[in-house]
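**Student:** All chains, please: the whole structure from these sequences, using the hints.
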Amino acid sequence: MATGERFFSQSGNLADLAVASVTSTSLRHAFDDLLDGLKRSLDVAHAQLTFDPQVSAWFALEGAPELAPVDDGSPDLTVVCRQVIAHSTPIEVTDLAAHPVFADEPFVTRAGYRFYSGLPLLSDSGRALGALCVLDTRPRVLDADERALLQGAVRQASIQLELRRALESARRANRYRSRLNVLATRGFRGPLTTITTVLGELAGFTHSAEEKELLELALDAARTLETDFRQVAEATAEDADQDLQPSAPVALSQVFNDLAHSMALPMRVHGTRLEVEATDVVLHTNAPLLLRTLCSLVRVALERRATLVYVQCSRDADGLLLSVRARGGGDRSGMNDRDARGVAEDLAGLNPNGSLGLGTSIAKRSCDVLGYRLSVETALDIGSDYSIRIPATQIVD
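Using this note's numbering, read the sequence shown as starting at 15 and increasing by one per residue.
Some clues are possibly wrong.
EDC-like cross-link-like pairs, simulated, lysine to aspartate or glutamate; straight-line CA separation at most 20 angstroms [claimed, not checked]: (1) K53 x D157; (2) K53 x E106; (3) K53 x D109; (4) K53 x D159.
Estimated spans, in silico, between C-beta atoms of each pair [said to hold, decoys possible]: (5) T208 x A262: 34 to 44 angstroms; (6) A232 x R141: 54 to 64 angstroms; (7) E391 x T238: 23 to 33 angstroms; (8) S267 x T208: 35 to 45 angstroms; (9) H298 x F219: 47 to 57 angstroms; (10) R185 x D138: 16 to 26 angstroms; (11) A331 x A262: 20 to 30 angstroms; (12) L372 x D159: 51 to 61 angstroms.
Rather than coming from a laboratory, the hints here were simulated on the basis of the structure. For each residue, glycine too, the CB sits at the ideal point set by N, CA and C.
**Tutor:** What follows is the structure, given as C-alpha coordinates:
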(Lines of atoms letter the chains of each structure in order from A and count residues from 1; the text may use other names and numbers.)
(Lines give C-alpha, C1' and ligand atoms only; values in the text may rest on other atoms or scores of the structure.)
Protein backbone atom coordinates (compact mmCIF):
# COMPACT_ATOMS: atom_id res chain seq x y z
CA MET A 1 0.00 0.00 0.00
CA ALA A 2 1.34 3.46 -0.89
CA THR A 3 2.13 5.87 1.93
CA GLY A 4 -0.72 8.20 0.97
CA GLU A 5 -3.25 5.36 0.86
CA ARG A 6 -2.05 4.03 4.21
CA PHE A 7 -2.40 7.51 5.73
CA PHE A 8 -5.96 7.83 4.47
CA SER A 9 -6.94 4.39 5.72
CA GLN A 10 -5.55 5.04 9.19
CA SER A 11 -6.50 8.65 9.81
CA GLY A 12 -9.64 9.11 7.72
CA ASN A 13 -10.56 12.69 6.94
CA LEU A 14 -7.59 15.08 6.81
CA ALA A 15 -9.61 17.99 8.18
CA ASP A 16 -10.71 15.87 11.15
CA LEU A 17 -7.08 14.97 11.80
CA ALA A 18 -6.10 18.64 11.78
CA VAL A 19 -8.84 19.57 14.23
CA ALA A 20 -7.96 16.68 16.52
CA SER A 21 -4.22 17.36 16.50
CA VAL A 22 -4.49 21.11 17.11
CA THR A 23 -7.41 21.38 19.51
CA SER A 24 -6.48 18.33 21.59
CA THR A 25 -3.40 20.23 22.85
CA SER A 26 -4.08 22.65 25.70
CA LEU A 27 -3.59 26.34 25.01
CA ARG A 28 -0.91 26.40 27.68
CA HIS A 29 1.26 23.80 25.90
CA ALA A 30 0.35 24.45 22.25
CA PHE A 31 3.30 26.80 21.70
CA ASP A 32 6.00 24.94 23.63
CA ASP A 33 8.08 24.15 20.52
CA LEU A 34 7.90 27.75 19.32
CA LEU A 35 9.02 29.06 22.71
CA ASP A 36 11.82 26.52 23.06
CA GLY A 37 13.17 27.50 19.63
CA LEU A 38 12.99 31.19 20.48
CA LYS A 39 14.76 30.61 23.78
CA ARG A 40 17.64 28.83 22.05
CA SER A 41 17.88 31.33 19.18
CA LEU A 42 18.09 34.37 21.46
CA ASP A 43 20.08 32.59 24.18
CA VAL A 44 17.74 33.76 26.95
CA ALA A 45 16.79 32.11 30.22
CA HIS A 46 13.04 32.04 29.61
CA ALA A 47 10.39 32.59 26.90
CA GLN A 48 6.66 32.50 27.40
CA LEU A 49 3.23 33.42 26.06
CA THR A 50 0.62 35.13 28.19
CA PHE A 51 -2.98 35.30 26.94
CA ASP A 52 -5.73 37.75 27.71
CA PRO A 53 -8.05 36.03 30.27
CA GLN A 54 -10.99 36.31 27.86
CA VAL A 55 -9.00 34.45 25.19
CA SER A 56 -8.09 31.68 27.64
CA ALA A 57 -11.72 31.43 28.81
CA TRP A 58 -12.98 31.16 25.22
CA PHE A 59 -10.71 28.19 24.51
CA ALA A 60 -11.54 26.48 27.80
CA LEU A 61 -14.14 23.73 27.19
CA GLU A 62 -16.61 23.27 30.05
CA GLY A 63 -14.34 25.47 32.20
CA ALA A 64 -11.29 23.25 31.71
CA PRO A 65 -9.04 23.62 34.75
CA GLU A 66 -5.87 23.30 32.64
CA LEU A 67 -6.22 26.97 31.65
CA ALA A 68 -6.53 28.21 35.23
CA PRO A 69 -3.51 30.16 36.58
CA VAL A 70 -0.98 27.98 38.32
CA ASP A 71 -0.35 29.14 41.90
CA ASP A 72 2.67 27.20 43.10
CA GLY A 73 4.24 29.99 45.10
CA SER A 74 6.69 30.94 42.35
CA PRO A 75 7.08 34.58 41.26
CA ASP A 76 4.51 35.91 38.80
CA LEU A 77 6.27 36.30 35.45
CA THR A 78 3.28 37.92 33.73
CA VAL A 79 3.47 41.30 35.48
CA VAL A 80 5.02 43.12 32.52
CA CYS A 81 3.12 41.03 29.96
CA ARG A 82 -0.17 42.26 31.39
CA GLN A 83 1.01 45.81 30.67
CA VAL A 84 1.87 44.82 27.10
CA ILE A 85 -1.65 43.38 26.66
CA ALA A 86 -3.39 46.29 28.37
CA HIS A 87 -1.69 48.94 26.21
CA SER A 88 -1.22 46.83 23.03
CA THR A 89 2.35 48.02 22.82
CA PRO A 90 5.83 46.47 23.02
CA ILE A 91 7.85 46.84 26.21
CA GLU A 92 11.59 46.27 26.51
CA VAL A 93 13.50 46.78 29.76
CA THR A 94 17.28 46.54 29.61
CA ASP A 95 17.69 46.21 33.39
CA LEU A 96 14.60 45.38 35.46
CA ALA A 97 16.51 45.94 38.70
CA ALA A 98 16.90 49.61 37.77
CA HIS A 99 13.27 50.08 36.63
CA PRO A 100 11.14 52.36 38.86
CA VAL A 101 8.04 50.12 38.62
CA PHE A 102 9.30 46.53 38.26
CA ALA A 103 12.47 46.59 40.38
CA ASP A 104 10.68 45.37 43.53
CA GLU A 105 8.67 42.64 41.83
CA PRO A 106 9.39 39.07 43.08
CA PHE A 107 10.31 37.87 39.60
CA VAL A 108 13.21 40.32 39.79
CA THR A 109 14.16 40.16 43.49
CA ARG A 110 13.55 36.43 43.98
CA ALA A 111 13.89 34.82 40.55
CA GLY A 112 16.72 37.10 39.46
CA TYR A 113 15.42 38.20 36.07
CA ARG A 114 17.07 41.41 34.83
CA PHE A 115 16.04 41.71 31.16
CA TYR A 116 12.55 41.71 29.59
CA SER A 117 11.32 42.14 26.02
CA GLY A 118 7.70 41.52 25.07
CA LEU A 119 5.45 42.10 22.05
CA PRO A 120 1.64 41.97 21.82
CA LEU A 121 -0.21 39.30 19.81
CA LEU A 122 -2.66 41.35 17.79
CA SER A 123 -5.90 40.30 16.13
CA ASP A 124 -6.89 41.60 12.70
CA SER A 125 -8.85 44.34 14.45
CA GLY A 126 -5.78 45.42 16.41
CA ARG A 127 -6.88 44.06 19.77
CA ALA A 128 -4.14 42.50 21.92
CA LEU A 129 -4.93 38.81 22.43
CA GLY A 130 -1.79 38.12 24.43
CA ALA A 131 1.89 38.83 24.76
CA LEU A 132 5.04 36.93 23.83
CA CYS A 133 8.09 37.75 25.90
CA VAL A 134 11.65 36.68 26.64
CA LEU A 135 13.46 37.15 29.97
CA ASP A 136 17.11 36.82 30.90
CA THR A 137 19.11 36.86 34.12
CA ARG A 138 21.51 39.55 32.90
CA PRO A 139 20.94 43.08 31.58
CA ARG A 140 21.13 43.21 27.80
CA VAL A 141 19.88 44.85 24.60
CA LEU A 142 18.53 42.97 21.58
CA ASP A 143 20.14 43.77 18.25
CA ALA A 144 18.20 44.17 14.99
CA ASP A 145 18.44 40.48 14.05
CA GLU A 146 17.27 39.36 17.49
CA ARG A 147 14.33 41.74 17.40
CA ALA A 148 13.42 40.37 13.95
CA LEU A 149 13.45 36.83 15.40
CA LEU A 150 11.16 37.91 18.22
CA GLN A 151 8.78 39.62 15.80
CA GLY A 152 8.75 36.53 13.58
CA ALA A 153 7.87 34.36 16.57
CA VAL A 154 5.00 36.73 17.40
CA ARG A 155 3.66 36.38 13.86
CA GLN A 156 3.88 32.58 14.06
CA ALA A 157 2.11 32.56 17.41
CA SER A 158 -0.64 34.83 16.06
CA ILE A 159 -1.17 32.53 13.07
CA GLN A 160 -1.31 29.45 15.31
CA LEU A 161 -3.75 31.12 17.66
CA GLU A 162 -5.98 32.16 14.75
CA LEU A 163 -5.87 28.61 13.37
CA ARG A 164 -6.90 27.20 16.73
CA ARG A 165 -9.70 29.77 16.99
CA ALA A 166 -11.00 28.95 13.50
CA LEU A 167 -10.89 25.20 14.14
CA GLU A 168 -12.57 25.53 17.50
CA SER A 169 -15.27 27.76 15.96
CA ALA A 170 -15.86 25.17 13.26
CA ARG A 171 -16.05 22.40 15.83
CA ARG A 172 -18.57 24.32 17.93
CA ALA A 173 -20.65 25.08 14.83
CA ASN A 174 -20.62 21.38 13.87
CA ARG A 175 -21.65 20.43 17.38
CA TYR A 176 -24.54 22.92 17.23
CA ARG A 177 -25.68 21.59 13.86
CA SER A 178 -25.43 18.06 15.20
CA ARG A 179 -27.68 18.91 18.13
CA LEU A 180 -30.20 20.39 15.70
CA ASN A 181 -30.02 17.23 13.58
CA VAL A 182 -30.71 15.04 16.59
CA LEU A 183 -33.66 17.20 17.67
CA ALA A 184 -35.05 17.28 14.13
CA THR A 185 -34.76 13.54 13.59
CA ARG A 186 -36.41 12.83 16.93
CA GLY A 187 -39.25 15.17 15.97
CA PHE A 188 -39.75 13.56 12.56
CA ARG A 189 -39.49 9.96 13.69
CA GLY A 190 -42.61 10.13 15.87
CA PRO A 191 -45.02 11.14 13.08
CA LEU A 192 -43.31 8.77 10.64
CA THR A 193 -43.76 5.87 13.04
CA THR A 194 -47.45 6.71 13.25
CA ILE A 195 -47.76 6.87 9.47
CA THR A 196 -45.94 3.55 9.10
CA THR A 197 -48.17 1.90 11.70
CA VAL A 198 -51.40 3.20 10.13
CA LEU A 199 -50.32 2.18 6.63
CA GLY A 200 -49.41 -1.26 7.94
CA GLU A 201 -52.86 -1.63 9.49
CA LEU A 202 -54.59 -0.43 6.34
CA ALA A 203 -52.62 -2.94 4.25
CA GLY A 204 -54.21 -5.73 6.31
CA PHE A 205 -57.71 -4.90 5.15
CA THR A 206 -59.25 -6.15 1.91
CA HIS A 207 -58.50 -3.80 -0.96
CA SER A 208 -58.34 -3.94 -4.69
CA ALA A 209 -55.04 -4.99 -6.19
CA GLU A 210 -54.38 -1.41 -7.26
CA GLU A 211 -55.06 -0.03 -3.76
CA LYS A 212 -52.82 -2.66 -2.18
CA GLU A 213 -50.01 -1.75 -4.55
CA LEU A 214 -50.34 1.95 -3.66
CA LEU A 215 -50.39 1.14 0.06
CA GLU A 216 -47.28 -0.98 -0.27
CA LEU A 217 -45.47 1.82 -2.11
CA ALA A 218 -46.44 4.33 0.58
CA LEU A 219 -45.47 1.92 3.36
CA ASP A 220 -42.10 1.20 1.75
CA ALA A 221 -41.39 4.93 1.40
CA ALA A 222 -42.37 5.61 5.03
CA ARG A 223 -40.15 2.78 6.28
CA THR A 224 -37.23 4.08 4.22
CA LEU A 225 -37.64 7.57 5.69
CA GLU A 226 -37.92 6.17 9.20
CA THR A 227 -34.71 4.17 8.73
CA ASP A 228 -32.87 7.17 7.26
CA PHE A 229 -33.86 9.42 10.16
CA ARG A 230 -32.75 6.78 12.63
CA GLN A 231 -29.37 6.49 10.93
CA VAL A 232 -28.88 10.26 10.88
CA ALA A 233 -29.72 10.45 14.59
CA GLU A 234 -27.28 7.66 15.41
CA ALA A 235 -24.52 9.09 13.23
CA THR A 236 -24.78 12.58 14.76
CA ALA A 237 -25.04 11.36 18.35
CA GLU A 238 -21.26 11.47 18.82
CA ASP A 239 -20.92 15.03 17.52
CA ALA A 240 -23.86 16.10 19.68
CA ASP A 241 -21.79 15.30 22.79
CA GLN A 242 -23.69 12.14 23.63
CA ASP A 243 -21.55 9.51 25.29
CA LEU A 244 -19.82 6.73 23.39
CA GLN A 245 -17.87 4.01 25.10
CA PRO A 246 -14.08 4.36 24.75
CA SER A 247 -12.02 1.71 22.98
CA ALA A 248 -11.69 -1.45 25.05
CA PRO A 249 -11.27 -5.20 24.53
CA VAL A 250 -14.55 -6.63 23.23
CA ALA A 251 -15.51 -10.04 21.91
CA LEU A 252 -16.49 -9.75 18.25
CA SER A 253 -19.15 -12.42 18.87
CA GLN A 254 -20.89 -9.97 21.24
CA VAL A 255 -20.92 -7.28 18.55
CA PHE A 256 -22.38 -9.85 16.13
CA ASN A 257 -25.05 -10.78 18.69
CA ASP A 258 -25.95 -7.12 19.15
CA LEU A 259 -26.13 -6.75 15.37
CA ALA A 260 -28.58 -9.65 15.05
CA HIS A 261 -30.71 -8.21 17.87
CA SER A 262 -30.67 -4.65 16.46
CA MET A 263 -31.58 -5.75 12.95
CA ALA A 264 -34.14 -8.42 13.87
CA LEU A 265 -37.20 -6.26 13.20
CA PRO A 266 -35.97 -4.68 9.92
CA MET A 267 -34.95 -8.12 8.64
CA ARG A 268 -38.36 -9.53 9.49
CA VAL A 269 -40.16 -6.60 7.85
CA HIS A 270 -38.15 -7.02 4.63
CA GLY A 271 -38.31 -10.80 4.67
CA THR A 272 -34.51 -11.03 4.64
CA ARG A 273 -32.40 -13.64 6.41
CA LEU A 274 -29.30 -12.65 8.35
CA GLU A 275 -26.54 -15.20 8.84
CA VAL A 276 -23.74 -14.27 11.27
CA GLU A 277 -20.58 -16.32 11.49
CA ALA A 278 -19.35 -17.61 14.85
CA THR A 279 -15.99 -16.22 15.95
CA ASP A 280 -13.74 -16.14 19.02
CA VAL A 281 -11.80 -13.01 17.97
CA VAL A 282 -11.37 -10.25 20.56
CA LEU A 283 -10.77 -6.68 19.34
CA HIS A 284 -9.59 -3.55 21.09
CA THR A 285 -12.21 -1.26 19.59
CA ASN A 286 -15.11 1.10 20.16
CA ALA A 287 -17.94 -1.45 20.25
CA PRO A 288 -20.88 0.99 19.66
CA LEU A 289 -19.11 2.54 16.68
CA LEU A 290 -18.29 -0.86 15.16
CA LEU A 291 -21.89 -1.96 15.70
CA ARG A 292 -23.12 1.22 13.99
CA THR A 293 -20.88 0.44 11.01
CA LEU A 294 -22.23 -3.08 10.61
CA CYS A 295 -25.86 -2.00 11.09
CA SER A 296 -25.44 0.68 8.42
CA LEU A 297 -24.04 -1.82 5.92
CA VAL A 298 -26.83 -4.33 6.64
CA ARG A 299 -29.36 -1.55 6.05
CA VAL A 300 -27.68 -0.83 2.71
CA ALA A 301 -28.25 -4.48 1.82
CA LEU A 302 -31.92 -4.12 2.77
CA GLU A 303 -32.23 -1.04 0.56
CA ARG A 304 -30.98 -3.20 -2.30
CA ARG A 305 -33.70 -5.74 -1.41
CA ALA A 306 -31.25 -8.48 -0.54
CA THR A 307 -32.90 -11.73 0.49
CA LEU A 308 -29.82 -13.00 2.35
CA VAL A 309 -27.08 -11.13 4.23
CA TYR A 310 -23.90 -12.84 5.45
CA VAL A 311 -21.68 -11.30 8.12
CA GLN A 312 -18.32 -13.06 8.21
CA CYS A 313 -14.75 -12.51 9.39
CA SER A 314 -11.39 -13.91 8.38
CA ARG A 315 -7.95 -13.35 9.87
CA ASP A 316 -4.66 -13.02 7.99
CA ALA A 317 -1.19 -11.54 8.46
CA ASP A 318 -2.47 -7.99 7.90
CA GLY A 319 -5.22 -8.19 10.49
CA LEU A 320 -8.93 -8.97 10.32
CA LEU A 321 -11.36 -8.70 7.42
CA LEU A 322 -15.05 -8.24 8.29
CA SER A 323 -17.43 -8.79 5.39
CA VAL A 324 -21.09 -7.90 4.93
CA ARG A 325 -22.25 -9.78 1.86
CA ALA A 326 -25.67 -9.06 0.32
CA ARG A 327 -27.27 -11.60 -2.01
CA GLY A 328 -30.57 -11.66 -3.87
CA GLY A 329 -32.58 -8.62 -4.81
CA GLY A 330 -32.56 -9.17 -8.56
CA ASP A 331 -31.33 -6.27 -10.67
CA ARG A 332 -30.96 -4.06 -7.57
CA SER A 333 -28.54 -6.39 -5.85
CA GLY A 334 -25.37 -4.84 -7.28
CA MET A 335 -24.11 -1.72 -9.06
CA ASN A 336 -23.21 -1.00 -12.64
CA ASP A 337 -19.59 -0.31 -13.51
CA ARG A 338 -19.90 3.49 -13.35
CA ASP A 339 -21.59 3.53 -9.94
CA ALA A 340 -19.20 0.90 -8.57
CA ARG A 341 -16.23 2.96 -9.70
CA GLY A 342 -17.60 6.11 -8.05
CA VAL A 343 -18.31 4.29 -4.77
CA ALA A 344 -14.84 2.72 -4.77
CA GLU A 345 -13.20 6.14 -5.27
CA ASP A 346 -15.26 7.70 -2.48
CA LEU A 347 -14.43 4.88 -0.09
CA ALA A 348 -10.73 5.25 -0.89
CA GLY A 349 -10.96 8.97 -0.17
CA LEU A 350 -9.31 9.81 -3.48
CA ASN A 351 -11.89 11.89 -5.32
CA PRO A 352 -15.14 12.23 -3.33
CA ASN A 353 -18.00 12.83 -5.74
CA GLY A 354 -21.10 11.97 -3.74
CA SER A 355 -21.50 8.40 -4.93
CA LEU A 356 -22.08 7.03 -1.43
CA GLY A 357 -25.60 6.70 -0.08
CA LEU A 358 -26.54 7.54 3.50
CA GLY A 359 -25.86 4.10 4.97
CA THR A 360 -22.50 3.68 3.25
CA SER A 361 -21.46 7.23 4.16
CA ILE A 362 -22.21 6.54 7.83
CA ALA A 363 -20.25 3.28 7.66
CA LYS A 364 -17.26 4.99 6.02
CA ARG A 365 -17.30 7.82 8.56
CA SER A 366 -17.34 5.32 11.43
CA CYS A 367 -14.52 3.30 9.85
CA ASP A 368 -12.45 6.47 9.42
CA VAL A 369 -12.84 7.28 13.10
CA LEU A 370 -11.91 3.72 14.07
CA GLY A 371 -8.90 3.65 11.75
CA TYR A 372 -10.40 0.91 9.54
CA ARG A 373 -10.59 0.78 5.74
CA LEU A 374 -13.91 0.13 4.01
CA SER A 375 -14.06 -1.25 0.47
CA VAL A 376 -16.68 -2.81 -1.82
CA GLU A 377 -16.92 -5.39 -4.58
CA THR A 378 -20.17 -5.52 -6.50
CA ALA A 379 -21.80 -7.14 -9.52
CA LEU A 380 -25.25 -6.71 -11.05
CA ASP A 381 -27.71 -9.56 -10.41
CA ILE A 382 -25.31 -11.09 -7.86
CA GLY A 383 -24.81 -8.70 -4.95
CA SER A 384 -22.39 -6.45 -3.10
CA ASP A 385 -19.62 -7.35 -0.64
CA TYR A 386 -18.59 -4.62 1.79
CA SER A 387 -15.29 -5.38 3.53
CA ILE A 388 -13.84 -3.73 6.63
CA ARG A 389 -10.08 -4.08 7.04
CA ILE A 390 -9.07 -3.95 10.73
CA PRO A 391 -5.34 -3.60 11.56
CA ALA A 392 -3.63 -6.50 13.31
CA THR A 393 -2.65 -4.14 16.14
CA GLN A 394 -6.29 -4.01 17.28
CA ILE A 395 -6.61 -7.78 17.66
CA VAL A 396 -6.24 -8.96 21.25
CA ASP A 397 -4.35 -12.26 21.36
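**Student:** Hints first: check each against the structure and report whether it holds.
**Tutor:** Hint check:
1. K53 x D157: holds, 15 angstroms
2. K53 x E106: With a Cα-Cα distance of about 16 angstroms, the restraint between K53 and E106 holds, given a limit of 20 angstroms.
3. K53 x D109: holds, 19 angstroms
4. K53 x D159: Holds - the C-alpha atoms of D159 and K53 are around 14 angstroms apart, at most 20 angstroms.
5. T208 x A262: 34 to 44 angstroms: holds, 39 angstroms
6. A232 x R141: 54 to 64 angstroms: About 59 angstroms separates the Cβ atoms of A232 and R141, which means 54 to 64 angstroms holds.
7. E391 x T238: 23 to 33 angstroms: This hint holds: roughly 25 angstroms between Cβ atoms.
8. S267 x T208: 35 to 45 angstroms: At roughly 37 angstroms between Cβ atoms, T208 and S267 fall inside 35 to 45 angstroms, so the hint holds.
9. H298 x F219: 47 to 57 angstroms: holds, 53 angstroms
10. R185 x D138: 16 to 26 angstroms: holds, 21 angstroms
11. A331 x A262: 20 to 30 angstroms: holds, 25 angstroms
12. L372 x D159: 51 to 61 angstroms: holds, 58 angstroms
In this structure, none of the earlier numbered hints is contradicted; all agree with it.
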